[in-house]
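Undergrad: Could you slot chains B and C onto chain A? The hints should help.
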Amino acid sequence: MSASGLAMETNPALAAFLLCSVLLVIKMYVVAVITGQVRLRKKAFANPEDALRHGGLQNCRSDPDVDRCLRAHRNDMETIYPFLFLGFVYCFLGPNLWLARLHFLVFFLGRLVHTVAYLGKLPAPTRSLAYVLAQLPCVSMALQVAWAAAHHL
Amino acid sequence: MSASGLAMETNPALAAFLLCSVLLVIKMYVVAVITGQVRLRKKAFANPEDALRHGGLQNCRSDPDVDRCLRAHRNDMETIYPFLFLGFVYCFLGPNLWLARLHFLVFFLGRLVHTVAYLGKLPAPTRSLAYVLAQLPCVSMALQVAWAAAHHL
Amino acid sequence: MSASGLAMETNPALAAFLLCSVLLVIKMYVVAVITGQVRLRKKAFANPEDALRHGGLQNCRSDPDVDRCLRAHRNDMETIYPFLFLGFVYCFLGPNLWLARLHFLVFFLGRLVHTVAYLGKLPAPTRSLAYVLAQLPCVSMALQVAWAAAHHL
Chain A
1 MSASGLAMET NPALAAFLLC SVLLVIKMYV VAVITGQVRL RKKAFANPED
51 ALRHGGLQNC RSDPDVDRCL RAHRNDMETI YPFLFLGFVY CFLGPNLWLA
101 RLHFLVFFLG RLVHTVAYLG KLPAPTRSLA YVLAQLPCVS MALQVAWAAA
151 HHL
Chain B
1001 MSASGLAMET NPALAAFLLC SVLLVIKMYV VAVITGQVRL RKKAFANPED
1051 ALRHGGLQNC RSDPDVDRCL RAHRNDMETI YPFLFLGFVY CFLGPNLWLA
1101 RLHFLVFFLG RLVHTVAYLG KLPAPTRSLA YVLAQLPCVS MALQVAWAAA
1151 HHL
Chain C
2001 MSASGLAMET NPALAAFLLC SVLLVIKMYV VAVITGQVRL RKKAFANPED
2051 ALRHGGLQNC RSDPDVDRCL RAHRNDMETI YPFLFLGFVY CFLGPNLWLA
2101 RLHFLVFFLG RLVHTVAYLG KLPAPTRSLA YVLAQLPCVS MALQVAWAAA
2151 HHL
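Chains as they are written, first to last, in this note's numbering: chain A, 1 to 153; chain B, 1001 to 1153; chain C, 2001 to 2153.
With the rest of the complex left out, here is chain A (with noise of 0.2 Å):
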């Protein structure tokens, strides 16, 4: 990496936020990957050009299954896309590195015990307990950036 670069060297923040951001997106790709494993398991296509070659035009239909599979991954979307935003920014302001990995480590397993509640259809209100307990690393860091950007004005 070149001194110009993102100098994880000097910035040991950016390199655990980079390992769980990666590690977050990976699974998002699983869960397209599940989605799409469920879609031919229930025989449940979103379009009539692919129901045509498993099956028929009467497989191209909605399956809770699927439906469910969808949810999780949007959720993903609404929450794990702005967090490698915020982090990103967030290493750059100097943190504490120990409580920057916390901020990342919480938001990490929040997302991953969330995936699991959605998918595996555990009792509520697992899965919004683990949405709630994401949001705060998020939350924490937009109000430092937010800070932080006020005060460069």
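Derived from the structure by calculation, the hints contain no laboratory data. Please note: incorrect hints may appear among the correct ones.
Dumping the calculated BS3-like pairs for lysine-lysine here, alpha-carbon to alpha-carbon at most 27 Å [unchecked claim]:
| id | chain 1 | residue 1 | chain 2 | residue 2 |
| --- | --- | --- | --- | --- |
| 1 | A | Lys-42 | A | Lys-27 |
| 2 | C | Lys-2121 | A | Lys-43 |
| 3 | A | Lys-27 | B | Lys-1027 |
| 4 | A | Lys-42 | C | Lys-2121 |
| 5 | A | Lys-43 | A | Lys-27 |
| 6 | B | Lys-1042 | A | Lys-121 |
| 7 | C | Lys-2042 | C | Lys-2121 |
| 8 | A | Lys-42 | A | Lys-121 |
| 9 | A | Lys-27 | C | Lys-2042 |
Every value quoted in this text rests on a predicted model; they were computed, and no experiment measured them.
TA: Relative to chain A, chains B and C alone:
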């Protein structure tokens, strides 16, 4: 912030961008909270496990007001997420400070009006106009980034 | 661009990444415009206030072609947004320039074909193959970023 950091001190456009961005991310979080409140008030849940915890399986159903919140949130994902990327890169193209602030402010206000118009069910075309207004600085920044990138290929 | 900037001059992979990224963001904007045009042509609006402005409340309804546009746009959000993050970080890992360009080009072409196949209703499995093709460079970059980050923890 370290010298190898984002250098908000020497890049005043970045501070304006980060403030607008983070406030819009928080705005998205608020839409998510409102969605949850509407679900509880209208007793309309997407998952059986949530409905079971709140009155019974008959509450696992869709609701026009919940769907409206979901559409507002989705439109945010379609527009605010690209802004987080475009605005960040644009700040490093050395833009005129006042022009950059104008870009960010127009987007910020446009998206704020969009959410108010959507959730408040304001008559058309308020929401559509706010959408188009907010897209203008995004298209402008996209073209400028594409132009700069093409010249460095 | 300042010396503390993104340094496209000294990071040629970044210029290729930014060009592909911004063109794909513009492509997503085009899908949004097409969705609006299909809504007007098919007279199928998601909101009562829009339907009232365009012929009456009976036009507040779903339509297969509108739903298709929405699914294409959603799939873009599931794939292009992570690329914006992964590709950006990957550029700072000091990748081989030609290999980096290959990653970006495969993703760019894969997503272009995906949109054409989706909106053009091309027979399966064209769209699915384009999806898988475009995910390959993303998984490759994700693994490389995770590897580099794990080594800097």
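Undergrad: Look at each hint and say if it fits the structure.
TA: Here is how each hint holds up against the structure:
Distance hint between Lys-42/A and Lys-27/A is fulfilled; the C-alpha atoms sit about 22 Å from each other, no more than 27 Å. Restraint check for Lys-2121/C and Lys-43/A: satisfied, since their Cα atoms lie roughly 19 Å apart, inside the 27 Å limit. Proposed proximity of Lys-27/A and Lys-1027/B is supported: the alpha carbons are some 26 Å apart, at most 27 Å. At roughly 22 Å between alpha-carbon atoms, Lys-42/A and Lys-2121/C fall within 27 Å of each other, so this suggested pair holds.
With a C-alpha separation of about 24 Å, the suggested pair Lys-43/A and Lys-27/A falls inside the 27 Å cut-off, and the hint holds. The hinted pair formed by Lys-1042/B and Lys-121/A meets the criterion: a straight-line CA distance of about 22 Å does not exceed 27 Å. Proximity of Lys-2042/C to Lys-2121/C is assessed by CA-CA distance (about 17 Å); at most 27 Å being required, the pair is judged to hold. The suggested pairing of Lys-42/A with Lys-121/A holds, with an alpha-carbon distance near 17 Å, which does not exceed 27 Å.
Proximity of Lys-27/A to Lys-2042/C is assessed by CA-CA distance (about 38 Å); at most 27 Å being required, the pair is judged violated.
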